[in-house]
Amino acid sequence: MQRIGVFVCWCGSNIAGTVDVKAVSEALSHEPGVVYSINYQYMCSEAGQNLVKDAIRDYNLTGVVICSCSPRMHENTFRKAAASAGLNPYMVEIANIREQCSWIHKDMPTATEKAIILGRAAIAKVHLNAPLMAGESPVIKRALVIGGGIAGIQTALDIADAGFEVDIVEKEPTIGGKMTQLDKTFPTLDCAACILTPKMVDCAQHEKINIFSFSEVEKVKGFVGNFHVTIKKKARFVDETKCTGCGECTAKCPVKGVPNEFNLGMDNRRAIYIPFAQAVPKVATIDPNYCNMLKNGKCGLCAKVCGAGAIDYKQQDQFVEREYGAIVVATGFNPIKLDQFDEFGYSQSKDVITSLEFERLTNAAGPTSGTLLRPSDGKHPHTIVFVQCVGSRDTSGCGKTYCSRICCMYTAKHAMLTREKYPDTDVYVFYIDVRSPGKNYDEFYRRAVEQYGVHYIKGMVGKVAPRADGKLMVQASDLIAGEQLHIEADLVVLATAIEPDKTARPLATMLTASMDTNDFFTEAHAKLRPVESPTAGIFLSGACQGPKDIPDTVSQAGAAAAKVIGLLAKDKLTTNPCVAESNELMCNGCSSCEKVCPYGAITYLDKEFRMPDRTTMVRRVASVNPAVCQGCGACTVACPSGAMDLKGFSNSQIMAEVDAICQMK
Amino acid sequence: MQGMMIARAGELLENGTVTRVLGWQTGEFVYDITPAVFESAEELEKGFVYNSFCGNNLSKYLIQASRKEGKILVFLKPCDTYSFNQLIKEHRIVRENVYIIGIPCDGKTDGEFLKAKGVKGILGIREEGDNFVVDTLYGEKTIAREDALPERCRNCKSKKHMVYDELMGEEGEVLDSHRFDMVEKLEAMTPDERFAFWRSQLSRCIRCNACRNVCPACSCEKCVFDNPQSGIAQKAAADSFEENMFHIIRAFHVAGRCTDCGECSRVCPQNIPLHLLNRKFIKDIDTFYGEYQAGEDTESRAPLTNYTQEDVEPSIVYTRGGNN
Amino acid sequence: MLKLSLKKLDELFAAMAQSQALYIPADNGGQAQYLRWAPGMKMTAALNTVRSAKDFFFPQTEGLVNFKMTGKTIEVIDPRTEAEDFVVFGVRACDARSFSILDKVFLVDPVDTYYQNRREHGTIVTMACRQPEETCFCTSFGIDPTHPEGDAVCWMTDDALYFEAVTPKGEALKEKIASLFEESDDAAVKAQQAETKAVLDRLPLHTFTAEPLGGDVLMKVFDSPSWKSLSEACLGCGTCTFVCPTCQCYDVRDFDTGNGIQRFRCWDSCMYSDFTLMAHGNSRNSQVERFRQRFMHKLVYFPANNDGEYGCVGCGRCLAKCPISMNIVKVAKCLEGELK
Amino acid sequence: MSDRLKEQVLRTSGVNVLKCMRCGKCSATCPSYDEMEYHPHQFVYMVEKGEIEKLMASPSIYKCLSCFACIERCPRDVEPAKLVEAIRLMVIRQQGQNHLKPGQIPEMLDEELPQQAIVTAFRKYAK
Amino acid sequence: MPNEVKAFKPKIVAFCCNWCSYAGADLAGTNRLNYPADVKIIRVPCSCRVNPMFILRAFQRGADGVILCGCHPGDCHYTTGNYYARRRMTLLFSMLDYLGIEKERTRVEWVSAAEGAKFAATMNDFVETVTRLGENKRLEDLRCKE
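Chains as they are written, first to last, in our numbering: chain A, 1 to 665; chain B, 666 to 989; chain C, 990 to 1329; chain D, 1330 to 1456; chain E, 1457 to 1602.
Keep in mind that the hints were calculated from the coordinates and are not lab data.
Where is the CB? At the ideal position from N, CA and C, for every residue including glycine.
There's no promise every hint is true.
What the hints assert, rightly or not - Straight-line C-alpha distance at most 27 angstroms; calculated DSS-like pairs for lysine-lysine:
1) K463/A x K1411/D
2) K350/A x K184/A
3) K647/A x K221/A
4) K458/A x K1378/D
5) K252/A x K314/A
6) K1319/C x K711/B
7) K1031/C x K1158/C
8) K1465/E x K106/A
9) K887/B x K595/A
10) K208/A x K141/A
11) K502/A x K400/A
12) K1348/D x K337/A
13) K1383/D x K458/A
14) K527/A x K1574/E
15) K1217/C x K711/B
16) K1061/C x K1601/E
17) K1462/E x K106/A
As the list claims (entries may be wrong) - So these bits of chain B aren't anywhere near chain C, every CB distance computed over 12 angstroms:
18) T682
19) K822
20) H843
21) R966
22) N971
Can you build the whole structure from these sequences, using the hints too?
Okay, here's the thing in structure tokens:
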């Protein structure tokens, strides 16, 4: 039996004006277990708190019930007071007799009666309270950034600059991501490479940053502050530590016809290659699908010409185990496949291209060295049609339901740059809405129209048909003029919708981070915690969380870094003691609780049990990681056997409150 | 079929694939068949039986049996395979230790059901074409097979095995059954009628726990109703509230996990149509959250451990059609 | 012997119900059970009720004592109200015998006053069987279903009911209803008994006997290796115990009403994992042991302590109701086979 | 009146015009565009505004080839062609009184008449 | 003189999630928005903490109505808790209705921390509904009424 003290607060006249506080403390003094009951003007005041502390000592109280304002207001105050008097802070319960009683009722007998019942419920709960200890878990002072695009790079740099170690895992041979493929960036039109490559170099040179290029995350275990990650370093058949990136091998390799993914297959590379000149790390990679030596053991030319002796045909995938305190997901995006959009003729004509391909066609390092030429015949295009919202805002199932957010701006950029470089071209942009809400964005778009004479037409392209003479017949509607247009175009550029990278989904499973139906990572709170995943210790940076342009990505990357720094700056994490706990003896190991846990706090172990008949049996049982559990209680209801309970809000505690409230008296 | 099964089980015991066989054993009468484990060809010859009275769903026994040394052979009827899969999904059965032979089923009856049809003093039963010919103390009686089958078999949901290592006989199909007809009929009643219906049914409950203990979904290490710490433990239904409570919570705990095998209703000594509670949940889940058949696979998320942002609100209960 | 046309059965029930409660076996949702008679209620056509008649004296739940809490004070209340007199009509021979078995448990020292109270207020009117089921084996325990025990006995032919008072309670009842009856000889009853006996000889279990079992073979049977295989399929449910007319184990539980505690007893089943659970744990830890307990109790322990009387009356309910069709006959036959 | 008509069109067609995001792809893809007074996207918008009578009176409804290109291409699953069809049906229903009565049909039947035509005739005129 | 009939005062248990609805209830108090004292609130961390057992328990102990309040779907402090609560309660309520128990005795309402007015209005409406239904007879445990 607990020894409970009841403290009824007047809150000046806030409570005492409507509730007969003396009657309440008198009535509650007769409840089982109550050894002390008192009322006082302001319980939260210094003097009031002292009353509580003194009573705890004088009456050896094991539980405290404060009848006062909302626990959201002063629960912590009274917990601290109890703790200072040597009572476990979780032995304090608050009966809310102000917000939920005195302030809403006018009639004193009614309010008093209700206050007594609320007090009884709190007493009933305290009877079943158990002392709880906040746990501690150490923080490993290193962060992992998954994805080495602009988001990952920025996050890594910010974290490293704060003095913490960061690993970047990038699945491609070089970091840099999509931004390396861009020509210029809106709305200021600086060259993407000029602003990105210095950052890439910074990463490479930063003593706190370690880049795992051509690598993937294989396995993630652990929890916030304490992740254990297995990284797979894919075999590149070149010893990274020896390769100087001189390019001798890539020049001599006899296999020439390999489609170059950096230029989206619009030109070719060799079987051994460095993706582009400013690649970081600047290390060659052998493509085993094309290399003669790896395919049939004949060639070996690259090994011969390599002065550093870096070529290693026998290299295997390597697995590295690392520990981290925090993980940042920065897996980025890809344009969608266009096979559901036959009407635009993407697969029928080389001159129908995606916007990303257009970037490469206008980029000085691209397949045409920056001269805008038709991919089919290498001629200069005179009429270019840009189509927006290809696959975006599409609820028919062919594309994506969301707005891809970046297309309006880059299309304006493309149109503007084309008109600037080639004033003799006619440029049409078909749009549904032009969305330009960023800083200087609308001005940018208006410049395309007003200064560069781009024809913006409200309407959609219905059909692109390649003609025998190489022209593209574009059939479109002009909704404002109310006519159907037929344009003979030389080049059609599709502002293709973007989607999360395909690696994101399996990664989310590994991280137990939740995703939305579009495979974007969900944030812990859409407004208030936009760079955190609901899973503690997992942070989000860039387009993996939703479509984003570069300025937004960089801001989010910095924000994610700030959150990571905040976490790594702590030596230990204090954990909320009101967490779920599984009773192994009753657990069936059915996984229901794990399925509803938003934090991945539940794991399973095979445990040997001694059965009542003295045999042993191995059973799968759930185990809650108190450092990760946030105490929502979803698991407790999912559990059919009642093995899962929530400390501080246990089944018996809540039922005791129910009983006290419903009691017939 | 029985002969083939005995032969094949003997072979598998002989060649060491399995060490035990879980099947059905003959009894005193023609209908009182008991699930049993056989360890030799002789035992199989002596007692193994497979006939129209082998209604027991053997899947639940595998929770214990698959944890023992050696592999066990089990014969599963189509509807038992759903339970098996569901138990695999919940990590309750060690799959590697089980060898499944899928066997066909054209419906199972039992002695109690025939008696409810007015047959007294059953001495023997022959299956003649589509009829059961029952030899009784009081003369011979012929019942059409269709009439002799309990509801769960007349509305069989599937003749197809969801899982097996080996199949005997022809594989069947998932069927379009009318299993929700009675649920719909109840839904169409007024609440007062429904209340009266369920009171008349549940008031007969003697809380023998047969429904729970036979249920493959009710496989908890310790049931909340047996656990004094749960706060809702009951040893006997002391009043109507406890009758309701037990059956509501039991149905809720198996909601989304119940494969609708119908064992609960088969074993109820008071003949309470308990499957109508489970089927209500199944039907609601199908309507609210899309078709879902527990035990169809071992991977999918169960409806109650899943959600969509667009799920219906609980207020649908007040607003949907039908009688209020 | 008294005779009454079946047409006047309702009048008889009305007469019996006039001064006390009357319970008859009737159908409830297709299941036969004892219901308090009300005008219009018909007797069931089923041979016997699903639950036995023991409910009348040993109900499934029964309040023992209440504790009422007001603040910190506790008041102890005896919940018993004086039981009214009642008649149970239509009890079969097997169930009638079960009362004498229960009496041996509850009416020996210390007397169970709850049971005693109900027993004193009840009058048992039994009904001879005409169409036994294949699951019946009461004759194996020396019961004559054509002439059951009871305070009064009835026989029913196609058109008439014959009544014979046996005990003073039966005589008292007879006085209240005699006016409805006419005197008759017992020719019709004799004929019917002969007819029924012929059926009894054809019952599949009519040669079954528990004779080889009993206290003498206790340890031999206790250690039998067969218990494991017999119990292997047992679900551990309480069906057999709850439909059994002689199972008398109970548990005492407290129910917290929010205003106090109601202490009640309820049927327990030795098949349950918490049967005889004590502070130290369970004395029968495995289902094999619990399963063995039930049959050892009925076939060995009970006769050992009660002059050879078995704790089974052969009503056949467990044969019909066990979800996995394991039952006392199968167990006894298996054990007897081993003893040979 | 127009509300009732609109409701009827929406019901017969099963189209939710509110899903339209006014991109005009239906009209961009329409092969009969130049023949039409009102174009596919206008059908959607005018139905939304309830201007059914205008559409019923317009020859546009007969210019639609029912090629379903608009349905195929619409990114929002609006299905403009179904609206056109629904409005055509409403016109036909209105004309019902001026045309055949069911009783007249039997005498007009001949051996050569395809079954399909009979069924269609009943569907159109039986009311 | 007619006997004085004591007006029926229902017992209402309201489970409120700590982050939205409990705060909403506090806001109703701060704004002095009146609702009947028949409503007593139990604080739970999230609507997904509420076990159907609690709801039945309340009825057993004499409650006449039980209402569950949580964050609006999509706003759950724990991201997904109320989605699970929504499914559980939908099915439970449907089952109670199926058993012929008055469905208006149970309700789920999403109340944000800013919706003090909605909280008060919801409670007023719920109390009115339950008062109209009268005493809970179909899911009562008479032992608890002694």
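- Query: Can you name, in rising order, the numbers of the hints this structure does not satisfy?
  - Reply: none
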